[in-house]
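Student: If you're matching them up, the sequences are chains D and P in order. Take the first sequence: its letter number 114 is residue 114 in my numbering, and every next letter is one higher. In my numbering, each residue carries its 1-based index in the second sequence increased by 483.
It is worth saying that the hints were derived from the structure and are not from the lab. Treat the hints with care, since some could be wrong.
Far from chain D, some chain P residues (derived; all Cβ distances over 12 angstroms) [to be verified]:
no., residue
1, Arg-712
2, Val-802
3, Gly-898
Restraint ranges, calculated between C-beta atoms of paired labels, are given here [to be verified]:
no., chain 1, residue 1, chain 2, residue 2, range
4, D, Ile-460, P, His-778, 52 to 62 angstroms
5, P, Arg-902, D, Asp-384, 28 to 38 angstroms
6, D, Ala-156, P, Val-601, 17 to 27 angstroms
7, P, Glu-869, D, His-265, 52 to 62 angstroms
8, D, Met-1, P, Glu-858, 27 to 37 angstroms
The beta carbon of each residue, even a glycine, is placed where N, CA and C say it ideally should be.
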Amino acid sequence: MDLAPLTRRLRAIVGEPHVLYRPDDLIVYEQDAIMVNRHLPDLVVLPGDTAQVAEVVRAVREAGLPIVARGAGTGLSGGAIPETGGVVVVLSRMTRVLEVDPLGRTAVVEAGLVNAEFTAMLARWGLFFAPDPGSQVAATIGGNVANNSGGPHCLAYGVTGNHVLGMEVVLHDGSVTWLGGVTWDAPGYDLAGIMIGSEGTLGIVTKVAVRLLRRREAVGTLLAVYDTMDSACEATSAVIAGGIVPEALEIIDGVTMRAVNRTLHAGFPEDAEAALLVEVEGVAEAVPTVMDRIEAICRAGGARRIQTASSAEERLKLWKGRKHAYGSLGVLARNAIMLDVCAPRSRLAEAMRAVAEAGRRWNVRISNFFHAGDGNLHPNLLFDFPPDDPAFDRVMAATEDILRACVQLGGTITGEHGVGIEKREYMPWMFSARDLDAMKRVKVVFDPDGLLNPNKIFPIGQAVHGASPRAPAAVPGGAGPAR
Amino acid sequence: MSGAVSALPAASPRAGARAAPDMPYIPEVEACVHCGLCLNACPTYRVTSLEAESPRGRIYLVEAAVEGRLAVTPSVADHLYLCLACRACETACPSGVQYGRIAEAARATLGPPGRPVVRAVTRFALRHLMPRPRRLRLVARLIAFAQRSGLATLAMRVLPEGLRRSVALMPPPTLPFYASEAEVLPAIGERRARVAFLSGCAMSLFFAEVNRATVRVLRRNGCEVIVPRGQACCGALNSHNGELDSARAMARWNIDAFPTDVDAIVTNAAGCGAAMRAYGHLLKDDPAYAARAEHFASLVRDTGEFLAGLGLRMSPRPVAFSATYQDPCHLAHGQKVRTEPRALLASIPGLVLREMDASDRCCGSAGIYNVLQPEMSEALLREKMEHIRATGVPVVVAPNPGCMLQLRYGAARYGVQVRVVHLMDLLDEAGA
Numbered sequence: 001m002d003l004a005p006l007t008r009r010l011r012a013i014v015g016e017p018h019v020l021y022r023p024d025d026l027i028v029y030e031q032d033a034i035m036v037n038r039h040l041p042d043l044v045v046l047p048g049d050t051a052q053v054a055e056v057v058r059a060v061r062e063a064g065l066p067i068v069a070r071g072a073g074t075g076l077s078g079g080a081i082p083e084t085g086g087v088v089v090v091l092s093r094m095t096r097v098l099e100v101d102p103l104g105r106t107a108v109v110e111a112g113l114v115n116a117e118f119t120a121m122l123a124r125w126g127l128f129f130a131p132d133p134g135s136q137v138a139a140t141i142g143g144n145v146a147n148n149s150g151g152p153h154c155l156a157y158g159v160t161g162n163h164v165l166g167m168e169v170v171l172h173d174g175s176v177t178w179l180g181g182v183t184w185d186a187p188g189y190d191l192a193g194i195m196i197g198s199e200g201t202l203g204i205v206t207k208v209a210v211r212l213l214r215r216r217e218a219v220g221t222l223l224a225v226y227d228t229m230d231s232a233c234e235a236t237s238a239v240i241a242g243g244i245v246p247e248a249l250e251i252i253d254g255v256t257m258r259a260v261n262r263t264l265h266a267g268f269p270e271d272a273e274a275a276l277l278v279e280v281e282g283v284a285e286a287v288p289t290v291m292d293r294i295e296a297i298c299r300a301g302g303a304r305r306i307q308t309a310s311s312a313e314e315r316l317k318l319w320k321g322r323k324h325a326y327g328s329l330g331v332l333a334r335n336a337i338m339l340d341v342c343a344p345r346s347r348l349a350e351a352m353r354a355v356a357e358a359g360r361r362w363n364v365r366i367s368n369f370f371h372a373g374d375g376n377l378h379p380n381l382l383f384d385f386p387p388d389d390p391a392f393d394r395v396m397a398a399t400e401d402i403l404r405a406c407v408q409l410g411g412t413i414t415g416e417h418g419v420g421i422e423k424r425e426y427m428p429w430m431f432s433a434r435d436l437d438a439m440k441r442v443k444v445v446f447d448p449d450g451l452l453n454p455n456k457i458f459p460i461g462q463a464v465h466g467a468s469p470r471a472p473a474a475v476p477g478g479a480g481p482a483r
Numbered sequence: 484m485s486g487a488v489s490a491l492p493a494a495s496p497r498a499g500a501r502a503a504p505d506m507p508y509i510p511e512v513e514a515c516v517h518c519g520l521c522l523n524a525c526p527t528y529r530v531t532s533l534e535a536e537s538p539r540g541r542i543y544l545v546e547a548a549v550e551g552r553l554a555v556t557p558s559v560a561d562h563l564y565l566c567l568a569c570r571a572c573e574t575a576c577p578s579g580v581q582y583g584r585i586a587e588a589a590r591a592t593l594g595p596p597g598r599p600v601v602r603a604v605t606r607f608a609l610r611h612l613m614p615r616p617r618r619l620r621l622v623a624r625l626i627a628f629a630q631r632s633g634l635a636t637l638a639m640r641v642l643p644e645g646l647r648r649s650v651a652l653m654p655p656p657t658l659p660f661y662a663s664e665a666e667v668l669p670a671i672g673e674r675r676a677r678v679a680f681l682s683g684c685a686m687s688l689f690f691a692e693v694n695r696a697t698v699r700v701l702r703r704n705g706c707e708v709i710v711p712r713g714q715a716c717c718g719a720l721n722s723h724n725g726e727l728d729s730a731r732a733m734a735r736w737n738i739d740a741f742p743t744d745v746d747a748i749v750t751n752a753a754g755c756g757a758a759m760r761a762y763g764h765l766l767k768d769d770p771a772y773a774a775r776a777e778h779f780a781s782l783v784r785d786t787g788e789f790l791a792g793l794g795l796r797m798s799p800r801p802v803a804f805s806a807t808y809q810d811p812c813h814l815a816h817g818q819k820v821r822t823e824p825r826a827l828l829a830s831i832p833g834l835v836l837r838e839m840d841a842s843d844r845c846c847g848s849a850g851i852y853n854v855l856q857p858e859m860s861e862a863l864l865r866e867k868m869e870h871i872r873a874t875g876v877p878v879v880v881a882p883n884p885g886c887m888l889q890l891r892y893g894a895a896r897y898g899v900q901v902r903v904v905h906l907m908d909l910l911d912e913a914g915a
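Extracted from the complex, chain P is given alone in its bound form:
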């Protein structure tokens, strides 16, 4: 009964643009029993209603490719890259399928997403900018210059629609960038813990104030904070976008740079926390690093999680406003941290937490996804802003740089009057 489709437009404008790579065997695929309970948890399935844009469908594609029943065409790559890697399916999956690992392994075969030019630019940035803090700072300075000099405004007038959106999404770098005044910052008062802090690339460049607030809160709560000089970006963007080798190099770099005789390695960025917790898996085949990576990963904590566990030293000052909490995907789904940040918010007297609908559904930021997949990203952001609007609160707490940038852009674009802040901002303001 099977027939051929003829006289139809080419399957994809990029069809045949490059030879189909082989899909390697990915053991995590085997745990999937195709029950479909993940479908409705997947943001891209909810928008498209398409099986190929669902976790079960994508796993099926990978499986079929591994079995050699399906060629890995650009169209297959499109399905695997329309995935946000939000890992909501992992929360939904009764079999504990580690979809994030499947996505990373499959994408490593495909290379970075997008059309050839985008691919090349992305690959260059991932290989040559992300691992180099100084080069990243230079780029951020250029962005700051463009924004202040009016170049960005000019660009908004002359650029085509698609690129205009990217310019609008471009966050204002915070000058001066975050740089700790010393490698070891002593605890204020009696020392209760010793932590190493990943200052992060996006956090240092675009949210330097949040980093400063985080360090203040940690120190006030009795933490000696070590900010290792030699640290690099965690490598999350690399592993999510088909650059596992450079991600491994960055993991090794950080493992060498960080002390491990600490109570925790903390980060205030959900994406970085999830990525560093995966170092053990990432380097499992590297005999020189496997054990160290596993140990490093076991020390990683989100700052909210760590502080909630440590307990605030004193009650924060009372405030008088309500707020809603956006679960960053890589905190709720990637690290299973949901109650701790809420507990910290609840510890601020006078703060009323009003939950939004689907607070653990992706806002569409997803690393560089919002730039590479504008349509899907906007669809998710629009829904998210409606959920936030419905709560009527003036403050949204979203402890992850990507979410904060996206929600700020969304608030402006959809006219929702909210201040988007990091959990550490609120704790710092309340004197915790």
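Just chain D, with the same shape it has in the complex:
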């Protein structure tokens, strides 16, 4: 098809420099942070405001091309890959903070605003935006909403959805509407709730009204070092069973700690198999008491050493090591798939044993750092060959073993990264055909022509790396999701 008329129209809408069509400008948008799939977009557009997004959507729809929204491209499930071609609409220019109400603790921001920049800017009021995904230094608020992103501190604060009051959305026909409000509850159906985690398949979020939290008076951070992954997992449940819900409760394995030490000098122990990173916040009088209790519980569970952050720098160093762990995988291997699965917290140790077993069985190296308090695991499958190598089958087999084990334990196939391309073929493991059909009918209401981020979420008979899937369509003994 001749793209020239559409290109001209888009240039008239957003201005010449903001429509990309040269091979070198397009090729960098064929992938997000997933490394095993890619597809070249036909065009890339960077609108500057909502009105432009709306006009762009109208123009692309009239041309009959798919529309794929993208923020910073830090997603790990391939949600921003234009697998069927079409136009990638990048929101990274839309970074304005439109309103901050420090007293009411709400704000309205554009979707392209970077999460960490937002929180840094809120510091002057002692406020912050709670969702803190590992990618927050680059990821956008719009991307957080699209994937309902979590993060270490979501254990206490909840995921992105718990902090979104409402949003402005450009619908499939280019109309602009607000869903939800700027108050804590809105009458009628929770349509904003449908958009959260919809991965760009129902509309393009252009503005978000969010809740803000106030920084607590004091914070305590400790690292409990263990000789086995089992004991670290058990300590996680013991802390919570002890009546404490810390702000964050993370596990980092030895392989990851050694890798992060090499690039970020995070100061993790070099010789441990696992460590528990715990953070509590509260009033200054309470934090030391709670920290003492956590320390006692960790020691009772076999912690070999407890390392307490004694300064803000030490705390930041530990967190940088944890949050940037995904990026450090390049130290360990040329390629990696970072899985995102859940298991009930009470069965964490079993789930981790299944992860290790999958790695042994299929001869795939696996590193782990994850939100233990949430039971949200991130096994990282490491490999040095490209995804079209026959050896990649082993990686897929290990992936499926892990997913299957989590489903069988009563967990899920994704916690916070979204389904995207990566997990679509496993949706039938979680949902019956009727469940999926009900979801598809929601999709059709918002996107009757199927142009909004096609090929995502629902199974299409194509595995993450483009090959035909290994995944059987039957639920392998799982109880299915909570109903």
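Using the hints provided, position chain P relative to the given structure of chain D.
Tutor: Same frame as chain D, now just chain P:
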């Protein structure tokens, strides 16, 4: 679904101007896992919001070119050259990707940046001026003459806008140029260390006083200072601008000229320090020099870093002003030196250090970048001057010649009342 773009203006005015070169395999690319955590650390991504102007995007371009999936068009070269080579992405990268090495290797394939005329002039300067100290001095004398005789003022009236900016950026050479009175300058008082000093090309010609101050401070602190007669420019500009072969020649020259039985090879220019620390990598495939280059590189220290490590012999005289510190990119990101210069500033009694926002973000100088990429350079400088203005301090410390020139130009252009100085200036003034 893929379609062709027709009836659009040519992709670039220079499209097809020269045959696309092949991109060689660059091993450093492999460490990148495309996580994107570098994006917001990149000054050019922050300004453009474009993936192709981000470190991850540029690495992706190089990778695609290596795989033969992407032709190395002038437009690809533009992306690789809009990069400042500030290496802020290396600080941000959790995988330790050495972007600076990727940029240098890729640019070596492309040759110097710019349109054909600019390319030719740049290549000539890099090959025939930079390695020759005497020719450089001649050029500086011509600049000084032009500035004093009013030729420069005249030029400002008749030249087109783009060139006027270059004239305004042209620094006043400091006459007399720096030349050490002897090759070996003894320590004052008891000798505590023996160092070899790279007097540098820009530092000697445009900041001769800073060099003199540096040598005074080193000697007062017990350093015997050797200023090797045969030294040449470090070659930083050459390696950053696609001239790796001449950069290697200059590295060999310096390795031959410098003594290595010293405690350190010191430089007061961040860019030179980063370049000399890379000599080992630069000459790794040269069997005659590889080991010597590695040893040379291991001795290189920034003067601030070295003095902080040695410890000042006595407390400097008290002052009464506040200052802010601009982290030179090739000191903070290129050499991971951040705390030492600040520690020296803190050792001056009465000096209040007031940090600016994003002190380790590039000011837009970046070697000859400010001349070749005026728009991006100005965008970064404007933001930098606002950050400096917000601190309200009268003094900016920036221990690198490129940053000093750029910030002085910025202070005049944006009306910010600050004195831009080198760390060694302040130490010398305070009698350290």
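Student: Compare the structure with each hint and give your call.
Tutor: Hint check results:
1. Consistency note on Arg-712(P): stated as away from chain D, and its beta-carbon is indeed over 12 angstroms from all of that chain's, at 40 angstroms minimum.
2. Residue placement check: Val-802(P) keeps its beta carbon more than 12 angstroms from all beta carbons of chain D (closest about 28 angstroms).
3. Its beta-carbon lying about 26 angstroms from the closest one in chain D, Gly-898(P) satisfies the requirement of being farther than 12 angstroms from that chain.
4. For Ile-460(D) paired with His-778(P), a C-beta distance near 59 angstroms keeps the hint of 52 to 62 angstroms intact.
5. Taking the beta carbon of each, Arg-902(P) and Asp-384(D) are about 54 angstroms apart, not inside 28 to 38 angstroms as hinted.
6. Hint check: Ala-156(D) to Val-601(P), Cβ distance near 57 angstroms, so the stated range 17 to 27 angstroms is violated.
7. The hinted range of 52 to 62 angstroms is not satisfied by Glu-869(P) and His-265(D), whose Cβ atoms lie roughly 32 angstroms apart.
8. One distance hint, 27 to 37 angstroms for the beta-carbon pair Met-1(D) and Glu-858(P), holds here, with the actual separation near 35 angstroms.
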